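For the record, the sequence lines run as chains Y and A. If you want the numbering used here, it's the 1-based position in the first sequence plus 100. If you want the numbering used here, it's the 1-based position in the second sequence plus 100.
On the chain A side, residues computed to face chain Y include the following (Cβ under 10 angstroms):
hint: 1; residue: Leu495
hint: 2; residue: Phe737
hint: 3; residue: Asp772
FYI, nobody ran anything at the bench for these hints, they're computed from the structure. Predicted, not measured: the structure shown is a model, and the values here were computed from it. Don't be surprised by glycine CBs; every beta carbon is placed ideally from N, CA and C.
2 protein chains.
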Amino acid sequence: MEQLWYLLPAVGVALLAFLFAGWLFAWVKKQPQENEKIREVSGLIRKGANVFLNREYKVLAIFAGVAAVLIFLFLPHPVWQGDIWTNAIMAGAYIVGTVFSAFAGKIGIAVATQANSRTAEAAQKGIRPSFLCGFRGGAVMGMAVVGASLLGVALVFWATGMVTEGNTALLGFSFGASSLALFAKAGGGIFTKTADVAADLAGKVELGIPEDDPRNPAVIADNVGDNVGDVAGMGADLFDSNVASMAAALVMGAVLDKSGIGGGNAVATVFVYATIGLLASIIGILTARMGKRGGPTRALNASTYVTTAVFAALTALATWLFDFHWAIWGASAVGLVVGTIVGIVTDYFTDDSKKPVQRTAEASESGPAFTLLSGMSYALVSTLPAMIGIGVSALAAYFLCAPLGGADALLCQEYALFGISMAAVGMLSIVGMIISNDAYGPIVDNARGLAEMGNLGEEVLEITDKLDSAGNTVKAVTKGFAIGAAGLTVIALLGAFLSEVNAAGARLFAAGTLPNFTPINGFDIMNPTVFFGMLVGAAIPAVFSALLMLGVNRNAMRMVAEIRRQFREIVGLKEGKAQPEYDKCIDIATTGALRELIPAGLLAIISTLAVGFIGGVHAIGGFLTGNIVSGLLLALFMSNSGGLWDNAKKYVESGHNGGKGSAAHKAAVIGDTVGDPFKDTAGPSINTQITVVSLVASLMSTVFLTVSLFQ
Amino acid sequence: MEQLWYLLPAVGVALLAFLFAGWLFAWVKKQPQENEKIREVSGLIRKGANVFLNREYKVLAIFAGVAAVLIFLFLPHPVWQGDIWTNAIMAGAYIVGTVFSAFAGKIGIAVATQANSRTAEAAQKGIRPSFLCGFRGGAVMGMAVVGASLLGVALVFWATGMVTEGNTALLGFSFGASSLALFAKAGGGIFTKTADVAADLAGKVELGIPEDDPRNPAVIADNVGDNVGDVAGMGADLFDSNVASMAAALVMGAVLDKSGIGGGNAVATVFVYATIGLLASIIGILTARMGKRGGPTRALNASTYVTTAVFAALTALATWLFDFHWAIWGASAVGLVVGTIVGIVTDYFTDDSKKPVQRTAEASESGPAFTLLSGMSYALVSTLPAMIGIGVSALAAYFLCAPLGGADALLCQEYALFGISMAAVGMLSIVGMIISNDAYGPIVDNARGLAEMGNLGEEVLEITDKLDSAGNTVKAVTKGFAIGAAGLTVIALLGAFLSEVNAAGARLFAAGTLPNFTPINGFDIMNPTVFFGMLVGAAIPAVFSALLMLGVNRNAMRMVAEIRRQFREIVGLKEGKAQPEYDKCIDIATTGALRELIPAGLLAIISTLAVGFIGGVHAIGGFLTGNIVSGLLLALFMSNSGGLWDNAKKYVESGHNGGKGSAAHKAAVIGDTVGDPFKDTAGPSINTQITVVSLVASLMSTVFLTVSLFQ
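Generate coordinates for the entire structure from the input sequences, incorporating the hints supplied.
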């Protein structure tokens, strides 16, 4: 087992991350929690979140069970045609993928629902302790996710002896992570916006009671939603991206190592870099602390930059020590730099000190139509730098790494694709920080609500507002990273799909199933089968996101009806003398979310199968490409427009363009309501949809090669 | 000149179309025009439209002059390196392209601004004569556009002796048409929405005066906008699509004929089919008449179906007579059938008797955010059938026509691409009807306004309202056709680009400029240079449409300021005792439109050049692909959401969900205001942007082959 030299440190650092997460969790729990009312509400939120999670995991268990049986029967090849153990390992890896992701999500929810109340109470002592509590709560999730993904990948890799026996089990593991992410992100996204929208519509608009008012039956569901959507959902999403980027890099790396050229250290490079990424995140989290000067935004960004610097320096050191290829290091450094640039540019379009937000706030004075047109226009423009950034990273990685293949054109392409996947690994090296920042958001958002309900006073609310606003700003930057990395990862997954197709084709040819097979070099745009796939693939993210948004609408209407019923039937509710039935709203959000995500999930999987059975692997190549291109575009558009409208509303609320209660404010609120499902339901779910589709395609490659109408 | 047997009929039928247009024009002018007030206002509209057109053409003349000089100097190859005549013919063809398109636009405006008043007065005699006047007015434009495009293509083809000398001059002609379309469609689109939005904002909202009120200084500009945007702009757009589809088919056809295989009748097929398409449109227009039963919608659709049936039958006859390939006939028939299906499906999403519009109206009861979310969601879903439709046509044309190439793989691909371009020609065979219907819309819309200003009474208004609403419904169907055909055309143009690159490469290699050149078979998605181009190309339509929408916003704000000034400074205006200064508003709309379209136009051209100089022809292949895929998606999304919101508003106004003045109505109006620039400015301009980019790429192929950073 000569791989042990890099697998052991990976497992070791992953375990260190768990230890660190445990220490952070203990630290959070040690923080004082004295206010009775806050403790009670926080308990309700925790209970609600667990209700959702358990129901979700039950549905998922059925789904995963069925999927695992199908995988065992058919993948990577029909079990009666090939080796039973290969299929069993594949199905096992799939289940491990779902379980690891579910575990990380569960931990994240556990800590977030403990940290929210403590963050609220810590705010009584000032902004710095409050910040630390919120951030460390988020970091538990960050460490759990990254630790679980590195550990899982290392274990599956080791157990399947991937380098010698074929590399599909890792894709199975990754598919498990994606399945869970689809449920967690899309389901959580529907849950959170259902509650948010219904609480606002029925509470603020119809009844005129303030936000976070405990009389509103949807108020707990709303707070639960922040946790299940932004903590568990986002965590599962990034677990998925992280695993997919490593899996793609390892699949490509294994092919390179097998070829015997280039020193055979490609797989080692992936593990060493990923291990260093996790280490760098631990260091980054340890340094996160609000100084005397600078607000929480600065503290969050500073720790991100520390992580990137540590990662770049340590990987350079490792490259020198272990004699890795400097070109590969260059590719991952490019990923890191481009990720930062994309993040900064994205920030420009959502920051309230910049033109786009201010112009949108100004346009709001002419009415909501202008808020919307202005916001959408800027968000459409904002896609360009990110798309160029992703393209340039791919191009740079290609030109750096392709020469490693020497005179062999195929090998050059393999190296180029490996380089691209390493750029994604580089971009995602800071994923631990990204998740920490992302989970920090809902914790401080919850804290604000709890401070309100616990009557902690204006001063505390002011502090939690500041922390909350920093969360929004930082989120925009990290979202840029996340989408960029997803883009690079799926390009690499396209390469993995091609490798799979060629491996499967050679196998089927050798077994006599296919009468002839010439390895595919790529997918030619000029081939109408490819083009057909591309057009269909491009429409899928649009329909997918639309189904989720329509689901939110339908579900919110159900909850509004329930809120109206409670105010009608529960005597004394409006006067605050009776308790609303919070769990009814949580139940509606839960049931509805799980029901409404099914059409969208089926669409993604069935369309892939349909295109594959109609047009074969070439159509699928096009399908994945169209899906990636339009998926990135829509994800960027939706995330950025949502962020922009959110901040435009806050900008108006802080006294500009007429301030609170003005016509501009009303218009800005409408923009924010439209933007909510964009940025919290549809936009981020598209990432997951792309990965799911890519993995289904890779896993089904053997089937598509043998059964398809127009091959 | 053995081509004369098909060129002469083409020219003959084109001239017949002009004669027919002349007869229709004379018929329209013969209709009575008695109301003094209507005559006066109609004259103001005509004057305003001509002011815009003349200013636009002046700016365009400068642009076209500069472009022609650059073309002469550099295209198809630097004039000092090659044959001066080739370059001169190219520059000449370009200028002819702009002039022909401008001429058709001018005629369309001339008749539309005569027909509007007569349609209004004819409504006093009933809906049938009024319909006929409006429709025949629109048909003049339809005939002028299709006649000019067929005549122009035939003349340029004949003059440059394309079959033997190289086929770039047709692309030059097509580029001329595209340049004009970019100005006319984007400029007209900005003009019309500027006026519309400003008139509503300052008039209806701020001052509380009704729509089309003569006291509003923007009211004439608003009516002018309908003409310059929907008549001249849409005409130029479809002139462009029609020319591009023929040019692409002829470029591919000429390559096939040169190869000597397949009977050498590919070019003949294109001309014969296009000629029959025009003939079928003439017949369709002659049959358009409202029967005793069925409203105007039925009459419009019936004549469209007559046209398609005549086209299918006559082309089958011609195929049998002249021994053309039945596979090619099949491809064009597939185009026609798929176009119809796409149109019908599109109609589903914008028709007020169907679920999407009704659900959106219902969602409006909960506020404008839900109007928007619901409408956008349905519009996102609506992209799928159209994308599948375009993909299936391409696939069907491929499988029908590729076998014609026999054993030669390259020839098979050529035939497949030729088949795709013929599917586009088939889809566009009814372009004459499409334009007639599209121009009918603004004529009856104007007629409504004129009937209001001329006090023709409630009964007349009811009739013009009915005619107007039929125009909206039919527009949705024809827009589906137009976008579908544009999709197929640009796929064919991608083929033309590839042909150009290979021809240029061979030429440069023979001349010693390129040390080596191997013909390119296609563009491989797995090549990161291609992928880079694809990502950038996909972002361009997003940014392009955003720049136009931001331009509308800015320009509308300028006009609102002017309207406020007039009401402040002109004594007696509000009381109706003084005339407003209509021409000031027309001037602002004109100047602003021409100024605001420049960044968008430059973006399209400069991004193509930048990607070409950076990544060479492979990056451009990807760039065009990404551009097509995301352009189609966005164009469908924007056109359909705009149509859906428009009809949802009308649905509410007709008494549903609370009717006029209700909260749902207010929300629906906001949806409509957002949808206006979507469907009338940004969405339809994307078509033109795609064509411009495709043609620039084809024309620059020689340059990109010799000068590029990462080839």
